[in-house]
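*Asks:* Here the structure of chain A is known, so what remains is to put chain B in place on it, guided by the hints.
Note that the protein sequences, when read in sequence, are chains A and B. Going by our numbering, the first residue of the first sequence is number 79, and it counts up by one from there. Going by our numbering, the first residue of the second sequence is number 79, and it counts up by one from there.
Source of the hints: derived by calculation from the structure; they are not laboratory data. Please note that the accuracy of each hint is not assured.
Copies of the same chain look alike in the list, so a pair counts if it works inside one copy or between any two.
[Stated by the list, open to error] The list that follows gives simulated cross-link-like pairs (lysine-lysine, PhoX-like), each with its CA atoms no further than 25 Å apart:
(1) Lys108 <-> Lys636
(2) Lys595 <-> Lys109
(3) Lys87 <-> Lys99
(4) Lys164 <-> Lys233
(5) Lys314 <-> Lys387
Number of protein chains: 2
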Amino acid sequence: MAQKPSIPKGTRDFTPSEVVKRNYIFDIIKKNFQTFGFQPIETPSFENSDTLMGKYGDEGDRLIFKILNSGDFLRSFNENLIKTIKLSLYHLRIYLNGTVKEEMNSYGLNFVKVLPEILRKDKQIKFDESVIDLNNLANDLWNKIEVFVNKEDWKEVLINGVDEDKSLTNLSIGIFGEFYFEMGTKYLGSHISEKALRYDLTVPFARYVVMHQNEIDFPFKRYQIQPVWRADRPQKGRFREFYQCDADVVGSNSLLQEVEFVQLYDAVFSALKLEGVTIKLNNRKILAGIAEVIGAKNNLIDFTVALDKLDKIGEEGVKKEMLEKGISEASIEKAAPLFSLSGTNNDQLNALEKLLAVSEEGSKGVQELRFIIDAVSDIGLSTAQLAIDVTLARGLNYYTGAIFEVAAPKSVQMGSIGGGGRYDDLTGIFGLKDVSGVGISFGLDRIYLVLEELDLFPEAIDQSLQVLFMNYGEAEAFQALKLVTLFRKNGVKADLYPDSATNQKQENKQFKFATNKNVPYIVIIREDELKSATFTVKNINENTQETYSLDKAEEFLKNL
Amino acid sequence: MAQKPSIPKGTRDFTPSEVVKRNYIFDIIKKNFQTFGFQPIETPSFENSDTLMGKYGDEGDRLIFKILNSGDFLRSFNENLIKTIKLSLYHLRIYLNGTVKEEMNSYGLNFVKVLPEILRKDKQIKFDESVIDLNNLANDLWNKIEVFVNKEDWKEVLINGVDEDKSLTNLSIGIFGEFYFEMGTKYLGSHISEKALRYDLTVPFARYVVMHQNEIDFPFKRYQIQPVWRADRPQKGRFREFYQCDADVVGSNSLLQEVEFVQLYDAVFSALKLEGVTIKLNNRKILAGIAEVIGAKNNLIDFTVALDKLDKIGEEGVKKEMLEKGISEASIEKAAPLFSLSGTNNDQLNALEKLLAVSEEGSKGVQELRFIIDAVSDIGLSTAQLAIDVTLARGLNYYTGAIFEVAAPKSVQMGSIGGGGRYDDLTGIFGLKDVSGVGISFGLDRIYLVLEELDLFPEAIDQSLQVLFMNYGEAEAFQALKLVTLFRKNGVKADLYPDSATNQKQENKQFKFATNKNVPYIVIIREDELKSATFTVKNINENTQETYSLDKAEEFLKNL
Chain A
79 MAQKPSIPKG TRDFTPSEVV KRNYIFDIIK KNFQTFGFQP IETPSFENSD
129 TLMGKYGDEG DRLIFKILNS GDFLRSFNEN LIKTIKLSLY HLRIYLNGTV
179 KEEMNSYGLN FVKVLPEILR KDKQIKFDES VIDLNNLAND LWNKIEVFVN
229 KEDWKEVLIN GVDEDKSLTN LSIGIFGEFY FEMGTKYLGS HISEKALRYD
279 LTVPFARYVV MHQNEIDFPF KRYQIQPVWR ADRPQKGRFR EFYQCDADVV
329 GSNSLLQEVE FVQLYDAVFS ALKLEGVTIK LNNRKILAGI AEVIGAKNNL
379 IDFTVALDKL DKIGEEGVKK EMLEKGISEA SIEKAAPLFS LSGTNNDQLN
429 ALEKLLAVSE EGSKGVQELR FIIDAVSDIG LSTAQLAIDV TLARGLNYYT
479 GAIFEVAAPK SVQMGSIGGG GRYDDLTGIF GLKDVSGVGI SFGLDRIYLV
529 LEELDLFPEA IDQSLQVLFM NYGEAEAFQA LKLVTLFRKN GVKADLYPDS
579 ATNQKQENKQ FKFATNKNVP YIVIIREDEL KSATFTVKNI NENTQETYSL
629 DKAEEFLKNL
Chain B
79 MAQKPSIPKG TRDFTPSEVV KRNYIFDIIK KNFQTFGFQP IETPSFENSD
129 TLMGKYGDEG DRLIFKILNS GDFLRSFNEN LIKTIKLSLY HLRIYLNGTV
179 KEEMNSYGLN FVKVLPEILR KDKQIKFDES VIDLNNLAND LWNKIEVFVN
229 KEDWKEVLIN GVDEDKSLTN LSIGIFGEFY FEMGTKYLGS HISEKALRYD
279 LTVPFARYVV MHQNEIDFPF KRYQIQPVWR ADRPQKGRFR EFYQCDADVV
329 GSNSLLQEVE FVQLYDAVFS ALKLEGVTIK LNNRKILAGI AEVIGAKNNL
379 IDFTVALDKL DKIGEEGVKK EMLEKGISEA SIEKAAPLFS LSGTNNDQLN
429 ALEKLLAVSE EGSKGVQELR FIIDAVSDIG LSTAQLAIDV TLARGLNYYT
479 GAIFEVAAPK SVQMGSIGGG GRYDDLTGIF GLKDVSGVGI SFGLDRIYLV
529 LEELDLFPEA IDQSLQVLFM NYGEAEAFQA LKLVTLFRKN GVKADLYPDS
579 ATNQKQENKQ FKFATNKNVP YIVIIREDEL KSATFTVKNI NENTQETYSL
629 DKAEEFLKNL
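The shape of chain A in the complex, shown without the other chains (with noise of 0.2 Å):
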């Protein structure tokens, strides 16, 4: 029986229409980062393991994807075991039958230094080492032998076992099951696993940069528009695939960086007529600024993660939050000012300024938050509003500058449809020390979504067909395709019907099909056609018929 098609749920198929409205947005958006002077870069789609684990925190990696090995990795992988499990039982007999019960504990200290040694020296024992730590095979492999040997009845076989090579086979299996039972999806994990789906663009991109520090000339301004893959539980408006547009800068401590951001952005979404926007910005420094300034210094990521959710659950909400996570009373009111922050940008940062007077990196965030306001503001936006918005974290741990973010109009419900910030080592997890980063990402997904609702993609941008030639047979047809031809060179995307109407249900059928992809113009080629050296063509829209002579084909094309 033919399998009934789905796909994983979480993922999407985008039809031609849907195509067509996405790449309309990353058109604009690559124009905009190429005028701005970012390069595009493309990396794999996978990395090794080892990049991405451990960047994104213990939640990030559950949600990596991994591509399981290929070949029959686990075959060699599982023969291995088992020999390894033998030969260390071998060896473990000999001595039990040697020595005394308590110094168990330093032959397992022995064991697991030297049975490395004995793997890499052992003939029937391959172990691909680039994958398999030895070392901790031995140690995970003591510690399963130890337990399960101690259980006496094993010892007692081990020892006396009537069938030695037979016993030790079967205890062998034994441990063998244990081992798999016990070391789960996370041991196995990594023995059959070396690559994983890209989580997100700026790991991959730190990684390029230090592979290629030595054809890039820095500041190093790249874009990059993938993919990116999580294994998010599937819900509305979350996709465990999905593309991220990202530009960042590396390689300058500047502020005009951030400057150009907010132009960027504010370039973006004009161009996209997505009007009246907000460029929400923050820093980093303002927020541990007022940690010190209140005694909260050591809760300062409680502190603005529960600051951050002023806007959800009010003033009340944040304050009692706050006391939950063991900020003082004393403290949260020393915060107060920040809850009634209000008028122009400049009036919030005079506000400010006075609130972190005694915090010197507090103070140098007011300075760079100003002098980014103040840039902007000269130099003016066009469409786009930046307002300071002190509530803003984003991902704190991550960013030492910098915040951005931005939000739909207010006619829209919709979170963010971009986010970003400066982060200062960007590239020192591969060991390239002091490359301060800062840039941004464009929300793809809840873009289009804003478009859509707010009916702001061009007119008949998904028209597929401008002109389409019927289809009355065969000599007729390839009239129709001369002038096709003729049409497509000349830019203009047309097509013939290719299979010919002999009757009226087989003509209507055509004409239903011009009309299902609203098509502007139809084309007719019949016998009188033919004979005469005319086409004639249909305007739908206007709902006229005009006929045209052959050699007047490139006429009909310029008025199109």
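*Replies:* Same frame as chain A, but now just chain B:
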């Protein structure tokens, strides 16, 4: 210690220059796909495994990248498995204590039948039946248990174990280990991986057509440009991740489609300025006809595989291989005309017509080929050659009519840079019968190499910046940023060097940055220019310099 970063073998980072050149090719292909009336779709990077497995032959299955299930799936599987084994042994013990050895087989048959029901009712054991076939599991399990328990000493333990629960547990772990050991990669793989990375674009397209059949107006012309992944052994020019660029039509038998695909190849390669490609054309019906005529109908595949090697191993080599494959000397004798086909396409068609006159299928093939050749030569091609090549076989098992292949110009050593054909039953595997498809593919990586070798990429294609503004201090940079903003609004790729030059060395660094990036225009705003409201432009290519007043900026832009 920091990691030394690397990428998985067979994958690539693409630098800005490479991305730009690749996009140049993609854009030209896309533009032509669109003028030819093709619509874009996109499918998820991973599909359900059963969508892909079994569609590409055993070799293909082996090369599909499988994705490890996320979460701790293995642990739950392991726990359920060991409980199941223990439960099974418990029942077996009851049976063994009550009856005789000879009926073990019938117990097994019954066990396999009953176990799934027992498992479904058990409250401790929960298998996800969408992933695990309980009938298969019961069967596999019994096979293991039977062998294991038939070892006399184990049966003894099972029946007379001192501590019943303990002996059951120990036995269970042993069987669990055997299970893992024997079932190996294949069994485990299907339990821990339900998704796999796309291997090509054709099977996902077929799946898409079936799933979306009610929204599609047939004939459906779609193009798709996305990466695919294959666990091939990496080697020069062969990658584990690469893009496919496919255009296909489904739902029309008209040979006009084949004509269009020839035109499409011509249009794309002409637009890429890659002149002199040869579009080779064959038809499976002709190959079948030849095999029929020479009496080698049952050796069609062997015959065509050998014939396909004519270029490489010559006439004698081909004949030798045919003999080895059991094709008779007489048959090979009859096939002789194939080796001396020459002259124009028409000459060859006439020769083939004669040779295949007695084969209905062969004659049909010649007729189809003639239709395409006639139509194309009537309309004419821009730069490509169309040539019959009866040795062309490609994916013969797959194609049922036309077979295409594009050869690069003779001046470059390169395999085919494109190929395709007609396949009569594209969507049958997913339950939609009688949908004919025909399509072609462009080999991006090879086209890239050919354009590189023939130096056909447009000059300055990878110029990332048209104008760089030098940075001589905060006020100067500010003035520059205003101009940069204006330039960018006019679509010019412009940038301001982010850090100020306060000495000669720093200024040189900025010039060097511009030189490395091949920036054609450098704009200088120093204190002088700031005072006089001007900016100075250095034209690097012409080695000239000119000063404009700020209000003449648009004039400079016009001449850019």
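*Asks:* If a hint holds in the structure, say so; if it doesn't, say that too.
*Replies:* Now for the hints, and whether the structure bears them out:
Taking identical chains as interchangeable, the C-alpha atoms of Lys108 and Lys636 lie at most 25 Å apart only when they sit on different chains, with a minimum of 23 Å there against 30 Å within one chain. In this homomeric assembly, Lys595 and Lys109 come within 25 Å of each other (Cα to Cα) only across copies, at 19 Å, whereas the closest approach inside a single copy is 29 Å. For the homomeric pair Lys87 and Lys99, the shortest alpha-carbon distance inside one copy (23 Å) is at most 25 Å, but the shortest distance between copies (35 Å) is not. Taking CA atoms no more than 25 Å apart as the test, Lys164 paired with Lys233 passes in both settings, with 14 Å inside one copy and 23 Å between copies.
In this assembly of identical chains, the alpha carbons of Lys314 and Lys387 lie at most 25 Å apart only when taken from the same copy (22 Å versus 54 Å across copies).
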